[in-house]
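> Chain by chain, the residues:
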Amino acid sequence: MELFLDTLNYFSLLMLVVLGLVVIFGLMNVINMAHGEFLLVGAYTVVGITGAGYSFWLALALAPVAGAVVGLLVEALVVRRIYHRFLDTILATWGVSLILKQGVILVFGPTAQSVANPLPGVMNVFGVDYPRMRLLIMAVAILLTLVLYIAMFRSNLGLRLRAVIANRDMASALGLNTRRMDMASFGLGAALAGFAGAIISPVMSVDPQMGAGFLIPSFLSILIGGVNSLIGPLFGVAAISGSSNLIAGWLSQADTQIIVFLMAMVVIRFFPEGILKRRQK
Amino acid sequence: MTGRKQNLTRRRFFELGGATAVASLAAPVVAQQAEPIRIGVLQPFTGGLEALGQQGANGAELAFLDANDAGGVDGRMFELIRADTATDPKTAVERANDLIRRQKVAAIIGPVTSANRDAMRPTIERGKTPLLYATDYEGGVCSRYISCYSALPDHWVVPIVAHAVKNLGDSFYLVGSDYVWPREMNAAFIAECDKTGGKVVGEEYTPWGAKDYTATLRKIRDSGAKTVVISIAGADAITFVKQFAATGMKKTTQVVFFGFSENYLAGLSDEESEGIIAPTNFTSSLTSPEAEHLKERVRARFGADAIVSNTVDAHWSLARMYIEGVRRAGGDDREAVTDAMVDQTLMSGNGEVYLRPGDRHVDLNVLIAQAQGGRLEVIEELGRIAATDQCT
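If you read the sequences in order, they're chains A and B. Counting from 1, one number per residue, gives the positions in the first sequence under the numbering used here. Counting from 1, one number per residue, gives the positions in the second sequence under the numbering used here.
You can trust all of the hints, since none of them are fake.
Partner residues are not named here, just some residues of chain B that face chain A (Cβ under 7 Å, in silico):
no., residue
1, 204
2, 205
3, 209
4, 212
5, 214
6, 243
7, 247
8, 248
9, 263
10, 267
11, 268
12, 269
With the Cβ distance kept under 8 Å, some of the chain A side facing chain B (calculated, not the full set):
no., residue
13, 10
14, 13
15, 105
16, 110
17, 111
18, 112
19, 129
20, 134
21, 207
22, 209
23, 212
24, 213
25, 214
26, 248
Don't read these hints as lab results, they were simulated from the structure. Keep in mind it's a predicted model, so treat the numbers as computed, not measured. Built from N, CA and C at the ideal position, the CB exists for glycine as well.
Can you build the whole structure from these sequences, using the hints too?
As structure tokens, this is what we get:
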């Protein structure tokens, strides 16, 4: 049971981070190297607001707003000019990530900041004493995944967003404002990242390098699961977090990472479109 | 523009060249009276360890600027040239090369981490330029040009094992980052446990940037270890302690943390850091006259908020040892200072320390400190410890 909870815990952390990336990378096809720094924006929003004496929960509500604002700025200033230059986005967003990171260092300094745990203590679930904050993160991750799924794949707005992404010219011809849809998608992705950064800030070090450790596992999750869907990355995250936790049960975490990444490479080699899609000839 | 171009005949070219050559010959003569002693401050100002880099630079610059304020050495001032390793060994080598060949520095103070230092070592030895290394490390550097103000396993591991076996229980779970320093520290830890009857029930290494330690925490709890020994570097250690504290394991398991300092306290709440035990050579809670002196000097120069840590003290003390070497050698000649600076005793921020001539390492005063209410308080003073010779 505890093993299951532990796996679900890492799954939830990673899923929260991946959600925003699903929109920006999975749907919009923008390789956003600054995604980790959008997390930073959310986490440091919490640092700033709790530091000013307000509650963590207020900060949690404002973090996605901050994420969206930064995301929209980045979109308007940088990304909108290079939507069609797939590889250039890597370089451009990497530059954005450096700017955001150094900006954080200038404002808050390079040392780690403390975000007090708003839900200290443990709670008994299924006969296991489990930290309450972890349980909250799990619940929020599952809920948010459902909400995003409904918003993107079951709502009218989601349909329009996906229409613009799938066929821009046709969507435009049908009267959709593609520019506004791009902004909405990118802003949504950044807002999700800001929220993720905020809610995970009490369980890990909040420092300028915080986002970097998430970049590889979250991109891998999407590549394994397949782009253009939400179910795919869900499987990807489950595969990465599940195998990490299982292998780490008897191996060192450092060795575990090597094995998991190797497995991911093999999967991507044989299922380049993701495990949920058939290999295309 | 075109007119000037036409005027540049061959004769004019040689005239210009000759004038430049004469000027460059004349320049050293003119400047000789007050030629500064150039010092490279090579620290990680970006790339992950910027907190340590900034403190190392503060410590070093405090020593040299104070020396300048006192009139320099024989009227010669120190000129500081900052260079950034970006916490990256390759960059550290490039910057070291630049400092030695282009900037012609007399010595370099830095870097942080064994990976950077080991990468730079051939460059330093080829350039025959003194390297002043002031970060704790795993031991074993034996080089004419590298002087180490570093806590070695003899300084930190041996006393902490004795302290832990006596006060914290005798079973340990070792968790470290996956690189040379944690692995060597843990090897020393296991060797010391074999001597004193401690028992290591688990040893594990985690990758850089790890975000989730639940699997490791589960193993630690299942192992029944009474003490978890952390040698995780940088911010990852904060993630580990936060997740450790959240599980409630602190009630049953003690934490020993290699490299813990004031830097980490800011990233943890008081409850999360409470009780962490660490070997160190300086903490800002010391109240001895020399500690107060250092704190007062740092705050006078860098502001009331400046952190005064082990890192600051180490760089400040080693820089002053170098300055004394220049004074003894009567100049900044690299070989002469290399010979002159060893075999000296100097007051650090925590008692007198001694730079040995044999392996160019410093005998340090060791403290065992504990985080209490958000401060790092001294719980045991072990006095000056002479490590074994690092050249054998």
